[in-house]
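Residues 17 to 81 (the numbering used here) are what the sequence shown spells out, left to right.
Mixed in with the good hints there might be a few duds.
[Unchecked claim] So the derived label-pair ranges between C-beta atoms look like this:
#, residue 1, residue 2, range
1, 48, 77, 17 to 25 Å
2, 66, 37, 15 to 23 Å
3, 64, 40, 31 to 39 Å
4, 28, 62, 18 to 26 Å
5, 48, 70, 15 to 23 Å
Hints listed in this document are in silico derivations from the structure and should not be mistaken for laboratory results. Just so it is clear, CB atoms sit at the ideal spot from N, CA and C, and this is done for glycine as well.
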Amino acid sequence: MRKPGAIRRAGGSGTPPTTDTGDERLDAYLWIKRPGDSDGTCRGGPPAGDWWPEYALGLARRAAT
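Given these sequences and hints, build the entire structure.
Okay, here's the thing in structure tokens:
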């Protein structure tokens with residue numbers, strides 16, 4: 017079981033924030049925190065809240081595929 021806030025290894029940044037969801041029951045897709053902000057030192061990351069450029073680049077690469 018994954019710890020709360022633990023980083024998913026193969027995650028991407030997902031759907032960009034938008035109010036154009038194509039679903040009348042859904043108001044918007046949102047990013048609650050800035051992609052690239054660390055969730056903590058799990059898997060070698062910097063302290064929670066610090067910018068983690070390698071992680072941000074990985075999210076962008078996986079989102080583009």
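To see whether the hints hold, each was checked on the structure:
1. For residue 48 and residue 77, the hinted distance range of 17 to 25 Å is satisfied, since their beta carbons lie about 21 Å from each other.
2. Evaluation of the 15 to 23 Å hint for residue 66 and residue 37 yields a failure: the beta carbon distance comes to about 32 Å.
3. The supplied range of 31 to 39 Å is met by residue 64 and residue 40, whose beta-carbon atoms lie about 37 Å from each other.
4. Between residue 28 and residue 62 the C-beta distance comes to about 20 Å, which sits within the given range of 18 to 26 Å.
5. Our hint of 15 to 23 Å for residue 48 and residue 70 holds, since their Cβ atoms are close to 21 Å apart.
Violation of the numbered hints given earlier is confined to hint 2; every other hint is satisfied by the structure.
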